[in-house]
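*Asks:* Each protein sequence line maps, in turn, to chains V and R. At position 35 of the first sequence the residue is numbered 35 (the working numbering), and the sequence of numbers has no breaks. At position 124 of the second sequence the residue is numbered 124 (the working numbering), and the sequence of numbers has no breaks.
It is worth saying that the hints were derived from the structure and are not from the lab. Remember, it's a predicted structure, so these values are computed and weren't measured experimentally. Be careful, since some hints might not be right.
[Claimed, not checked] Below, in silico cross-link-like pairs of lysine-lysine (PhoX-like), each with a Cα-Cα straight-line distance of 25 Å or less: (1) R:Lys-121 - R:Lys-103; (2) R:Lys-352 - R:Lys-213; (3) R:Lys-132 - V:Lys-277; (4) R:Lys-75 - R:Lys-92; (5) R:Lys-135 - V:Lys-277; (6) R:Lys-18 - V:Lys-116; (7) R:Lys-75 - R:Lys-115; (8) R:Lys-114 - R:Lys-135; (9) R:Lys-115 - R:Lys-103; (10) R:Lys-135 - R:Lys-115; (11) R:Lys-92 - R:Lys-132; (12) V:Lys-277 - R:Lys-92.
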Amino acid sequence: MTTTDVQKSVEAPVQKSKVKRRKFDPWGAVAWIVGLGFFFPVFWMVLTAFKHEVDAYTTTPKFFFVPTLDEFKAVFDQGVGTALLNSLFATTVSTILVLALGVPAAFALSLRPVRKTQDALFFFMSTKMLPVVAAIIPLYVIVSNIGLLDNIWALIILYTSMNLPIAVWMMRSFFLEVPGELLEAASLDGASTWRAVREVILPLVSPGIAATALICVIFAWNEFFFAVNLTAVQAQTMPVFLVGFIAGEGLYWAKLCAAATMAALPVVLAGWVAQNKLVRGLSFGAIK
Amino acid sequence: MATITYKEASCIYEGSDKLAVDSLNLDIEDGEFVVLVGPSGSGKSTALRMLAGLEDIDEGGIEIGGKDMVGVSPKDRDIAMVFQNYALYPNKTVAENMGFALKLRGVSAAERRKKVEEAAKVLDLEQFLDRKPAKLSGGQRQRVAMGRAIVREPQVFCMDEPLSNLDAKLRVQTRTQIAALQRRLGTTTVYVTHDQVEAMTMGDRVAVLRDGKLQQFASPNELYDNPVNAFVAGFIGSPAMNLVTVPITADGVRVGDNSSLELERDQLTRLHDAGLAEVTIGIRPEQLEMADSGGIEVVVDLVEDLGSEAYVYTHAGSGIQLVARSNPRTAPKLAETVRLRKHPDGVVHLFKPDTGERIG
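Let's have the full structure, built from the sequences with the hints guiding it.
*Replies:* Rendered as structure tokens:
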């Protein structure tokens, strides 16, 4: 008798929470609708990539068809390799540069604030206020004068400076979460600033670094405007390569979708890798 | 272990022309437990952080073991600090937290383990050594913070309100533990608190600060019995000392509308020498008792029964409030009119009404 009573009382709260979870949640439904709304175009792109060109154009959209890899083959025949490598190189190098410059800057502007900190932060943000279109002609002239037209390093420099302000602001908010006492405690324990940052602060903000890196990767990978204006053949990146499929005549949707799927794949992978880190960061907890 | 000397040490906060700590002079002996106490904004934490090197010494100096610390970085001062929120490294285990300073000093892993385990034994943390701070209770975190400090065997312990995040019962327990531990280790300790009970119970000597200025630096008993001014008199002791400003008469002072309090002859002389019309008198609640006749006529506003004793909050005339300790069994009732008189051994402290300076 008594044992069953005890068991019941232990189980009771568990059942309660199960009942709660089953209850209809209107916001959950909204989230699903919005989520599916976002996901469907991507899903359709991937689906179309496996169709023959003819199947891609049917007026009643086809969900069932004979899948083919022909369009992917066509994309490879067009020479996707160079564009893919260029994009990978520009994205990786610019992201590394952004983190190498942005993380220390954010550290200085948060845990070690100096005079004019606010002004410095505003300066970073103000560089994003000018529309890129307004700067493209001077940029073109400069890049041309230093002989970097159709050179991937021109894009690396631009992507670094384009993402740096975002990275500084993002990383700063992560650094601000870290209590300043941790640095003080480490310095009293006998650590140099560098050692304290490396051993105490960086492990705490690593989820933030992952999130920042992911944003930088996405922005650099998808950047189109600089790439289309400053590169031609040699330094062509994936977004520029994709546009090449939009033909004046003939069927191109399936091919375009195949190329777009390939272009999206590395970013999806990067997001997936970073996500593990991000989730770990969320459960990290109790900094304070 | 070392002596600590504050020599006219001052600190100015950036963007403010007010001194956070104003020409502080303290001579702290080797092995002494000194408590800095004061209300918030009194500069007590700043004074401690100046000692630790976390705040600049803008004027004057601070010496540890006879060595000037101006311009010496915190990591070279050989000071361990316990922070109010403990500042444990969240990504390190308890053992790593406690051993970090030794690791930085290049102590071997085996030696480190040994010292950490010794400290853990003292603080009853042995079973938590492999846990992260997030998985500990408040009291355990506090002990880890203490452990991190004692493992290093530093010259000086700095403690910045280390008990204020604990609940009341645990705070009282930990208070005695810290005091006992410090006596055993014999490490010079500077302890900051806003709680005068902590100051009275833990410190060998207590420095009372107000607005960045040192008011009095003395043993707890000395502070209690001979406060140098009305501020110290009112700050030390709970409930606070009765401090009322009253007119002077021929043989004492008038309290309330038609009661008076007689003063000692030498006190009267000093009062007349000072040439004041009014004086601030101070009497501790436990030095006031109920009387059948004579004394000060008061009306009871509130009786606070603590079981072992009761505090009777009263007023005599307008604006004059007096608290008296009483036996809870014989305490007067609310709104009752009673008479209070000074206990035969009681002392009446006299302070100047304008400056609060002690007269006698």
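*Asks:* Out of the numbered hints, which ones does the structure contradict?
*Replies:* Result: no hint breaks.
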